[in-house]
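Peer 1: Given next are the chains, with one letter for each unit.
2 protein chains.
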Amino acid sequence: MTNKLSTDPYKGVRDFYPEDMAVQRYMFDVWRMTAEHFGFEAYDASVLEPAELYRSKTSEEIINEQTYTFTDRGDREVTLRPEMTPTVARMVAGRRRELTFPVRWYSIPNLFRYERMQRGRLREHWQLNCDIFGVDDVSADIEILLLANEIFKNFGAENGTHYAIYVSSRKLLEVLYDTLDLDTQARTAATRLSDRKNKMGADEFKAKMQLICGGATADVLTFLNADNIDVVPEAVKESDAYTELQTLIATMKETGTPVAFDPTIIRGFDYYTGIVFEVVDLHPENNRAMMGGGRYDNLTGLFGGEPIPGIGFGFGDVTLRDFLISHELMTTDITSPQLAVLPTDTENNVAAQKLAQNFRNAGISTSVDLSPKKVGKKIANAGAQFIDYALVLGEDEIASGTYTVKDLLEGSELSGTLQELIDQLSNNG
Amino acid sequence: MTNKLSTDPYKGVRDFYPEDMAVQRYMFDVWRMTAEHFGFEAYDASVLEPAELYRSKTSEEIINEQTYTFTDRGDREVTLRPEMTPTVARMVAGRRRELTFPVRWYSIPNLFRYERMQRGRLREHWQLNCDIFGVDDVSADIEILLLANEIFKNFGAENGTHYAIYVSSRKLLEVLYDTLDLDTQARTAATRLSDRKNKMGADEFKAKMQLICGGATADVLTFLNADNIDVVPEAVKESDAYTELQTLIATMKETGTPVAFDPTIIRGFDYYTGIVFEVVDLHPENNRAMMGGGRYDNLTGLFGGEPIPGIGFGFGDVTLRDFLISHELMTTDITSPQLAVLPTDTENNVAAQKLAQNFRNAGISTSVDLSPKKVGKKIANAGAQFIDYALVLGEDEIASGTYTVKDLLEGSELSGTLQELIDQLSNNG
Numbered sequence: 002m003t004n005k006l007s008t009d010p011y012k013g014v015r016d017f018y019p020e021d022m023a024v025q026r027y028m029f030d031v032w033r034m035t036a037e038h039f040g041f042e043a044y045d046a047s048v049l050e051p052a053e054l055y056r057s058k059t060s061e062e063i064i065n066e067q068t069y070t071f072t073d074r075g076d077r078e079v080t081l082r083p084e085m086t087p088t089v090a091r092m093v094a095g096r097r098r099e100l101t102f103p104v105r106w107y108s109i110p111n112l113f114r115y116e117r118m119q120r121g122r123l124r125e126h127w128q129l130n131c132d133i134f135g136v137d138d139v140s141a142d143i144e145i146l147l148l149a150n151e152i153f154k155n156f157g158a159e160n161g162t163h164y165a166i167y168v169s170s171r172k173l174l175e176v177l178y179d180t181l182d183l184d185t186q187a188r189t190a191a192t193r194l195s196d197r198k199n200k201m202g203a204d205e206f207k208a209k210m211q212l213i214c215g216g217a218t219a220d221v222l223t224f225l226n227a228d229n230i231d232v233v234p235e236a237v238k239e240s241d242a243y244t245e246l247q248t249l250i251a252t253m254k255e256t257g258t259p260v261a262f263d264p265t266i267i268r269g270f271d272y273y274t275g276i277v278f279e280v281v282d283l284h285p286e287n288n289r290a291m292m293g294g295g296r297y298d299n300l301t302g303l304f305g306g307e308p309i310p311g312i313g314f315g316f317g318d319v320t321l322r323d324f325l326i327s328h329e330l331m332t333t334d335i336t337s338p339q340l341a342v343l344p345t346d347t348e349n350n351v352a353a354q355k356l357a358q359n360f361r362n363a364g365i366s367t368s369v370d371l372s373p374k375k376v377g378k379k380i381a382n383a384g385a386q387f388i389d390y391a392l393v394l395g396e397d398e399i400a401s402g403t404y405t406v407k408d409l410l411e412g413s414e415l416s417g418t419l420q421e422l423i424d425q426l427s428n429n430g
Numbered sequence: 002m003t004n005k006l007s008t009d010p011y012k013g014v015r016d017f018y019p020e021d022m023a024v025q026r027y028m029f030d031v032w033r034m035t036a037e038h039f040g041f042e043a044y045d046a047s048v049l050e051p052a053e054l055y056r057s058k059t060s061e062e063i064i065n066e067q068t069y070t071f072t073d074r075g076d077r078e079v080t081l082r083p084e085m086t087p088t089v090a091r092m093v094a095g096r097r098r099e100l101t102f103p104v105r106w107y108s109i110p111n112l113f114r115y116e117r118m119q120r121g122r123l124r125e126h127w128q129l130n131c132d133i134f135g136v137d138d139v140s141a142d143i144e145i146l147l148l149a150n151e152i153f154k155n156f157g158a159e160n161g162t163h164y165a166i167y168v169s170s171r172k173l174l175e176v177l178y179d180t181l182d183l184d185t186q187a188r189t190a191a192t193r194l195s196d197r198k199n200k201m202g203a204d205e206f207k208a209k210m211q212l213i214c215g216g217a218t219a220d221v222l223t224f225l226n227a228d229n230i231d232v233v234p235e236a237v238k239e240s241d242a243y244t245e246l247q248t249l250i251a252t253m254k255e256t257g258t259p260v261a262f263d264p265t266i267i268r269g270f271d272y273y274t275g276i277v278f279e280v281v282d283l284h285p286e287n288n289r290a291m292m293g294g295g296r297y298d299n300l301t302g303l304f305g306g307e308p309i310p311g312i313g314f315g316f317g318d319v320t321l322r323d324f325l326i327s328h329e330l331m332t333t334d335i336t337s338p339q340l341a342v343l344p345t346d347t348e349n350n351v352a353a354q355k356l357a358q359n360f361r362n363a364g365i366s367t368s369v370d371l372s373p374k375k376v377g378k379k380i381a382n383a384g385a386q387f388i389d390y391a392l393v394l395g396e397d398e399i400a401s402g403t404y405t406v407k408d409l410l411e412g413s414e415l416s417g418t419l420q421e422l423i424d425q426l427s428n429n430g
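Sequences listed follow chains W and Y, in order. Its first residue numbered 2, the first sequence is counted upward by one per residue in our numbering. Its first residue numbered 2, the second sequence is counted upward by one per residue in our numbering.
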């Protein structure tokens with residue numbers, strides 16, 4: 002072959018072989034089961050979205066440099082979705098009159114980001130998205146945090162041992178700015194700088210904040226350094242935002258799901274308007290935010306009509322996988338048939354297929370090893386594939402209509418006619 | 002709002018609201034369950050593929066006019082996959098040394114085609130793909146047909162009543178051409194024309210075939226008009242391809258899954274090399290091929306190394322949905338929580354959330370209606386969402402710690418403490 006093709010996938014995306022799918026399936030199944038336990042309903046949409054969906058809340062630079070955006074033959078600009086929140090806001094806004102609120106929706110979309118190629122940086126990943134629409138009080142924020150916690154619990158992780166939940170409030174931050182009379186420009190700059198607090202030293206951070214906030218810097222730093230909601234500046238405490246955050250933290254504690262106040266949590270997106278939170282990995286070698294979310298009460302307003310309050314989070318598959326592996330919590334959901342029919346010779350393949358279909362018709366999942374391998378090898382392969390039973394089919398069995406089934410785990414054997422074996426295997430299933 | 006955004010999805014793709022997802026989930030679950038009953042394992046890949054994957058077996062025109070192909074910032078040509086077979090061949094070829102053959106894989110990918118916008122033509126659809134690799138005898142062809150049939154059976158459809166399966170053989174067609182000494186160009190032209198036989202009158206078809214095959218036309222037409230494998234030209238019968246097709250048809254009949262010979266079945270793709278088949282809808286108003294597939298023994302050869310024989314099929318979600326609806330076989334897989342907690346006032350929302358979490362912790366899936374609606378409306382909504390039980394939470398219940406749960410289907414009521422209700426609901430679950 003001169004022009005042979007590469008078997009590599011496109012740069013930055015993954016192939017999912019069956020063993021990789023078993024991992025994805027386990028993770029997605031726990032996600033789905035937990036979301037549905039809270040009454041969330043599944044939705045989905047195409048990976049293709051009109052590019053304009055991302056322009057309104059994102060800079061042109063991000064659209065052009067960090068997303069897959071191209072022009073179709075009808076001169077429409079199309080983007081491979083980089084996040085799901087604009088899509089779900091679009092869908093909710095599109096049926097605002099028909100939907101029964103509160104709407105609780107979840108989805109596990111694949112998302113694309115155009116990353117300059119660095120080792121291990123992926124251009125596609127999957128992400129659980131859970132959102133509640135139509136509730137503007139803190140009870141929805143509590144639910145979203147309970148759900149986030151329950152997901153970790155259902156993966157076998159423990160709050161305080163494997164992970165911790167940190168919350169803050171964009172609304173509270175605005176209250177602080179109000180008390181300090183900061184203008185819009187200073188607010189935006191201070192918020193963006195706070196989002197990067199952990200990426201620089203304390204002195205550098207203070208110096209930069211000084212340039213933005215001037216005389217208000219000390220109060221801003223007091224707020225940002227508070228490790229407890231009780232020690233924020235007194236003026237900030239006289240606000241609904243403070244009462245709300247207090248209720249949230251107290252209620253979470255009462256439900257046995259502690260969350261801690263961390264005023265440096267910002268979450269990058271501009272659209273957050275209230276509670277913001279992150280779940281942090283407590284593994285010493287991987288101490289970082291794994292997932293997060295918050296309240297975005299104005300996002301559906303982009304589509305016209307009254308804004309519909311929303312709160313939600315996203316949780317990526319790669320982050321989750323790394324977390325589960327590093328804490329030795331990973332398991333997989335391997336599916337394998339109950340029975341393997343193993344012809345002694347390819348001459349018996351058609352007879353094996355007919356016999357197998359009789360087992361399948363009786364509700365026993367069955368595969369046939371149609372390869373020319375020796376029977377010993379076929380039995381070993383069936384075991385390696387976690388198949389429960391093997392039936393070797395040779396001339397004698399075909400002639401007599403009596404078969405022997407080997408239990409690959411126990412090593413025991415059963416013999417009988419097709420119907421006798423079906424009865425036995427159905428009872429053991 | 003002056004520049005308000007449209008809530009429409011991108012042209013030619015669909016949004017899946019929860020009721021649409023319930024339909025997809027039902028269809029996908031039956032697909033998965035049936036494939037796994039035959040021992041097929043799930044795999045997946047990214048929707049992005051290098052464009053060159055499609056160039057080798059497809060004309061430039063199709064790549065440029067009928068697929069989404071664009072150039073990324075690294076000057077790589079990328080295509081949104083229009084079909085899954087090249088991807089699965091790539092993945093199998095990439096791990097040919099590690100994989101245990103026979104490989105049985107299935108996937109439910111979304112596929113993209115750039116269609117000029119016509120009413121109802123979709124640019125994205127989902128498709129079940131099932132393939133067996135590594136078996137070059139007819140027993141694999143039999144299995145693929147049994148699997149195709151079982152999928153329809155598991156949707157409640159009956160072979161011969163709702164659908165029929167038709168088979169032919171590209172290999173047998175080559176045998177016919179051999180006996181008639183047709184050159185490569187004539188073979189290709191005759192095969193392409195045969196693929197369009199049902200799109201023109203018999204006279205037009207005959208005239209066109211005459212231009213291609215000259216003196217061999219009568220024999221070609223005899224073959225193409227055969228409605229039974231016994232009436233093909235005698236010379237064709239002396240071939241392995243004939244024996245193979247005979248075995249296939251006879252075995253399928255023995256398993257109670259009749260398939261009929263139809264020599265006009267070609268299946269468009271050039272890569273088919275053996276058995277080809279279609280499943281046809283027998284609904285009088287929708288009498289058309291719903292799905293199909295065949296054997297492609299040389300496809301992995303594109304990637305170098307010895308070719309690995311393959312056989313498989315694809316089955317689209319839109320086609321399946323239309324079939325199920327037209328035969329009144331559609332059902333949906335709606336998920337809803339067991340219990341709805343309904344606070345009488347939003348003042349009780351946080352208390353409702355705490356109570357709900359106690360039920361969730363006990364394994365009872367629970368949602369909370371956090372809206373400001375009246376309780377009567379909340380009960381009606383819970384019923385409409387197929388929730389089993391409703392618990393109305395007012396001041397009295399919060400004060401007393403005694404609650405009443407209404408069975409929304411039966412109309413009966415249960416009263417008790419949290420623990421008493423958990424015990425009761427767990428028993429009824």
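These are calculated hints, taken from the structure and not from any lab test. Heads up, the beta-carbon is just placed ideally off N, CA and C, and yes, glycines get one too. One should not assume that every hint holds.
As the list claims (entries may be wrong) - Cβ-Cβ distance ranges computed for the label pairs, FRET-style:
| no. | chain 1 | residue 1 | chain 2 | residue 2 | range |
| --- | --- | --- | --- | --- | --- |
| 1 | W | Glu235 | Y | Thr347 | 22 to 32 Å |
| 2 | Y | Asp408 | W | Lys254 | 31 to 41 Å |
| 3 | Y | Ser327 | W | Gly402 | 22 to 32 Å |
| 4 | W | Asn362 | Y | Asp424 | 51 to 61 Å |
To be verified - Dumping the calculated SDA-like pairs for lysine to any residue here, alpha-carbon to alpha-carbon at most 20 Å:
| no. | chain 1 | residue 1 | chain 2 | residue 2 |
| --- | --- | --- | --- | --- |
| 5 | W | Lys254 | Y | Ile399 |
| 6 | Y | Lys198 | Y | Arg289 |
| 7 | W | Lys154 | Y | Ala363 |
Peer 1: Run every hint past the structure and note whether it holds.
Peer 2: Against the structure, the hints:
no., hint, in the structure
1, W:Glu235 / Y:Thr347: 22 to 32 Å, "29 Å, holds"
2, Y:Asp408 / W:Lys254: 31 to 41 Å, "34 Å, holds"
3, Y:Ser327 / W:Gly402: 22 to 32 Å, "42 Å, violated"
4, W:Asn362 / Y:Asp424: 51 to 61 Å, "41 Å, violated"
5, W:Lys254 / Y:Ile399, "19 Å, holds"
6, Y:Lys198 / Y:Arg289, "14 Å, holds"
7, W:Lys154 / Y:Ala363, "13 Å, holds"
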